[in-house]
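If you're matching them up, the sequences are chains A and B in order.
Residue numbering for the first sequence follows our numbering, beginning at 2 and increasing consecutively.
Residue numbering for the second sequence follows our numbering, beginning at 67 and increasing consecutively.
Hints in this document: simulated from the structure, not taken from any laboratory.
Any given hint could turn out to be false.
As the list claims (entries may be wrong) - Where chain B lies over chain A, by a calculated footprint (3+ residues, C-beta under 8 Å): (1) 121 to 134; (2) 202 to 208; (3) 252 to 261.
Even glycine gets a Cβ: it sits at the ideal position worked out from N, Cα and C.
Given next are the chains, with one letter for each unit.
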Amino acid sequence: MGTNLDIKVHHLTRVEGHGDIVVNMRDGVLEKARLEIVEAPRYFEAMLKGRNFHEAAIITSRICGICSLGHQMTSFKATEQALGLEVSEQTVLLRKLLVHGATIQSNVLHALFLAAPDFLKVGSVFPLVGTHPEVVKAALRMKRLANDIGEVVSGRAVHPISCVPGGFTQLPSAKSLAVLRERLEKQMLPDLVFAADVVATLAGEIPDFTRETEFISLRSDDDYALYDGDICSTDTGRVPDSEYRRMSNEFIVPHSTSKHCKVNRSSYMVGALARWNNNHDRLCPEALGVAAKLGLKPGCHNPFMNTVAQVVESVHCCLDAMAILDRLLAAGIRDEVPNQDPTRHGTGIGATEVPRGILYHEYTYDRQGRITAANCIIPTGQNLANIDDDMVKLVPEVVDRGEAAIAHLLEMLVRAYDPCISCSVHMLDVKFTR
Amino acid sequence: MANKPRVGIFDFTGCEGCELNQLNFEDQLLDILEHVEIVEWREAMDGRSETLDIAFVEGALSTPDCIKRIHEIRRKSKVLVALGACAVQGGINALKNIRPIEQVREEVYGQDKYLFPTLPALPLSAVVKVDVNVRGCPMTQLEFLKVFTALVMGKAPIEPGNAVCTECKLKDNECVYEKGMICLGPVTRAGCDAQCPTFGQYCTGCRGLVPEPNIGAMEEILVAHGLSMDDARKKLQMFNANQLEGVS
């Protein structure tokens, strides 16, 4: 022993937002191994106070450009519950379609643009344009089509426009939906299968590391829960979303502008791997086939496999999007206006799976439909303690590899979580501990 | 241009949606890469660079560290482009500036508020010289491509100064006010092709105010259409709190 390590990765690359990796080891004793979040705090709850219910989702979608649709969905659900706004089945189907598009877009971006360069031992996706042009082109096609779902259904992929509390200000035409359906089948599915084959060839590069942890995600009786469901823990099972505070349990740590979370252990994990572990039995056979090919098994405790789980669920999202489009097209698009006449006021909670994991919004509205209190708990914030715990276990296992190799492995670990740090730094509603 | 321009992409306080929109150029990305050399982009690649021809900068400045970094970027860049509402106006982040900052800090971090330094959210132009603005929340891809093309060709991009209403009329949209809604199109800079009104929404003012906006008249219109003066002010503040409150 007697090993000394002093690693500092300042402003980690290929993640969304600003974080530093810090590791210190003195005489073989690990003193510190953690991800420090240095992103500027943004204070969304203060911005939301006094705002009208029409504006809540417009403001909160600006928490994160990559998950802007997920923030909107979660915001709508909280607002609709608080104000008693019922939405039509057509609205729910169109929203689920949007969620699938956003999930595929984000998963493909992460797996092929941000994580794959690690496995191919390059610093970014750009060298791959020359060495792996077919992979880059397939990724670009998939991203384009996933974004097109957002553009066709809600006007824009980043900060969608026409999806509002109570419904849609403008509906997509049946013709445009039929074109999407055709493109998903003819273009997206083959590209996803190709991407899965590419990932399969890289599977040997995925680090062999496991650490038992708790996984939390939504779970539903009806489908692979993304838009809706109960909160489900691999440790303690299902509870309704009204218990979200207990199931996230935020606390402040000095090394992170984003609060940390823990429930039944010192940390838990959310995201694609958590969804896989909780909901693999709800995936379509094609997605399960891809999982088998990629060596992803239920009860997987290797965080590096999160990227693989993203590829697997993208296949499911594509096929389920096609099924939703079939239902919408069979029923015909009915002209309807958003239901925006509140029937009550009070507190509402929204829980939705965004690409990086479970997201909660809670708003309290007054009689005028204005927000008096808001709370948002974002997935990356929930993962931070788990990332730190992983580092503490991983560093001693690889300590003989030297600082540069360890630093690279830790960067890969953090990237595997697909962290969205800029949206994780405005945890709301502090609990004072005295 | 003999050598490809060396480009860096940077982000400050914001949602990184504008950066994402640069990766969303799926159809043009490979062509763009033919014409420039991207040498620094934390979100997408490893590596740093000491000199740049063009820096594209997203996000508002809201911490002491942001101020230090933007000065460094300005020093090493020939042309600095502000990308999106946060970088151009402070954007949605500036909503925190309209309340006492200590109150805002305490609401989020309680007794631990002193752990994390914060400043009023500022546009880049409040701290360094900005050469070009690409507006919007998020920036529109069409506008980015126009600015990008002009810069690569060594020309100065032209920023629209007219109001969103003019683009809405050109698209033959029914006026949002005729639908019983309110809209900030009359005082908001054009350039987005009236995207939100075209999808049934009102203009939220994300592209910033037109030059010499008549705020008093805009407030009167909003009040005439059912808003209280307080709500009218709040609508206008959404993306333009700094401009209305005289910051920057």
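Now for the hints, and whether the structure bears them out:
1. 121 to 134: As far as the region 121 to 134 of chain A goes, the hint holds, because 5 residues have Cβ atoms under 8 Å from chain B.
2. 202 to 208: Check failed, 0 qualifying residues.
3. 252 to 261: holds (count 3)
Going through the hint list in order, the structure does not satisfy hint 2, though it satisfies all others.
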